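Asker: Dock chain Y with the ligands against chain U, hints included.
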Amino acid sequence: MKELVIISGKGGTGKTTVLGCFAVLAANKVLADADVDAPNLHLLLSPEPLEESDYHGVDLAAIDEETCTKCGRCEEVCQFSAIRDLRIQPRRCEGCGTCAVVCPEQAITMTPQVTGQLYLSRTRYGPLAHARLVAGGEASGKLVTEVRELAHRVAVERGADLILTDGSPGIGCPVIASLSGVEATLAVTEPTPSGLHDLERVLLVAAHFQVRSAVCVNKWDINPQLTEEIERLARAMGAMPLGRIPFDEAVAESTAEGIPVVEVADSPAARAIRDLWTDMGENDLC
Amino acid sequence: MKIAVASGKGGTGKTTVAVSLALSVPDAQLVDADAEEPNCHLFLRPSIQRTIPVYMMVPHVDLTKCDFCRKCADFCAFNALAVVKEQVLVFPELCHGCTGCVYVCPREAIVARQRQIGEVEIGAARGMVFIQGRLKPTEPSAVRIVREEIAQIDPKGGPAIIDASPGTACAVQDTIGQSQFCLLVTEPTPFGLHDLKMAMDVAQELGVPSGVVINRNGARDSIIEDECRKRNIPVLLKIPFDRRVAEAYSRGQPLVDAFPEWRESLRSLYREIERRVMT
Ligand code: SF4
Ligand code: SF4
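Residue numbers (numbering that gives the first Met the number 0), protein chains in the order written: chain U, 0 to 285; chain Y, 0 to 278.
Bound-form chain U, shown alone (with noise of 0.2 Å):
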């Protein structure tokens, strides 16, 4: 069993388009969500609930004023800048427990916190698994591990061949987690200045994790210029050009009504993703 992530650097370039579009294409596939920050796929996809299950995100420090004697050494330890004249400010709290180890009287305890809700769904394309945060959740790389296992767990119970995994934006934790153990990534990128200086910059990461990757420039046409330097980039750092995706109108049409651009029509875009989407295959990526 393979898993396929898409990731993009830059947000917004079209990366839950295209996974929507694959969605459609693979065979015997389990998708996952793993962009727990701001979750698209299910807009696409209209999941129906299977199973729900808590998420426990970090804990919560919490200090017992009856016991504390205000010696104010958890301050001083905290890494976070958390506690502030000996009150837990909990938007800042990383649960790590530093200040309980610390604390001389026990006055500290820490608590789990339900910060989401962890989701297997049926969608029309196949099993989803998905998460959703409560407002100013953290979106760790936890959550995205937890979303993960879970894809894995039902691809092996229902005999899988490919996961198809909609990655976070940036570089950070939450892309971090959702490339470990990975063998490919399809990163989605556009000709602009920001595209491709994020596009390098996730490239990095991908690479320093040993992940294969291939770049696929979409609205090509905005910049062909751009397009070309984007792909002389990517052959430069070890990943594949793989695929360019005209700028098209039927792309916001039918994501405005909830369809992944493949099913309604036969326009531009969704021809240049269906070659993409063999081109991947030509080449062991998915």
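Read the hints as simulated data drawn from the structure, not as lab findings. All values derive from a computational prediction rather than experimental measurement. Virtual Cβ for every residue (Gly too), placed ideally from N, Cα, C. Please note that the accuracy of each hint is not assured.
To be verified - A short, non-exhaustive set of chain U residues, derived as facing chain Y with CB atoms under 7 Å:
hint, residue
1, Gly171
2, Ile221
3, Leu232
Answerer: Below, chain Y with the ligands without anything else, positioned relative to chain U:
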């Protein structure tokens, strides 16, 4: 005054709005707080005058003192330590730098060392103060870098326009929480609406007033406008969908340079924000 320019969803034009807003108001301080993927510099080509390194603590284990009791690995909330046979493995990309393992180790075998995770650069661009953060690739968290950036804002200077990272993670909450106003940039698509709602929830939770910019507006604006009406959040600006705008962006040209007629709209956007913050 600090204005956070945020967007639940990436790629909605947050940087475009932040850069053009900063270019349209006098004495602005532009802060690129999207330290994972800083992009404002691509449009402004700043000259950097000062670089402040940002560090995080990471454990170093002295194996001659260690008896492999595993207390450190059991303690670490982030699974950044593993004790296997006669080895203690540290996974730096998982470590949050809490230093808890240092205190937990009964044999004083662990010391905390500093590791550079990125930097904050300060300079000037077209007459304004320019501050940007950069997270090193393979480092997991930009929170510390963003905090350092915000600390570098001159409180006596002009308005600080802060380009936050996309999403609603820790660093973004920090940015919004320290601002007086949150400008949310979105696009009229189901993805845009979904992520906008998440960002609105965060701003509301933090008690920071917000307003919306609809980018690439057109026939489907009502999905955003209905949500704004429901929550009593104003739509402050609309930027139409125009292939020429996309092309200017792809050449690295700020909106107000390519289309100077936008300068006045951005100025009134700023005045409107100011008015809302004052009252
Ligand atoms: S707690 Fe200290 S002695 Fe025990 S395994 Fe960790 S480093 Fe070694
Ligand atoms: S410093 Fe904290 S996060 Fe890092 S290894 Fe030690 S206990 Fe884990």
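Asker: Out of the numbered hints, which ones does the structure contradict?
Answerer: Hint check: 3 fails alone, others pass.
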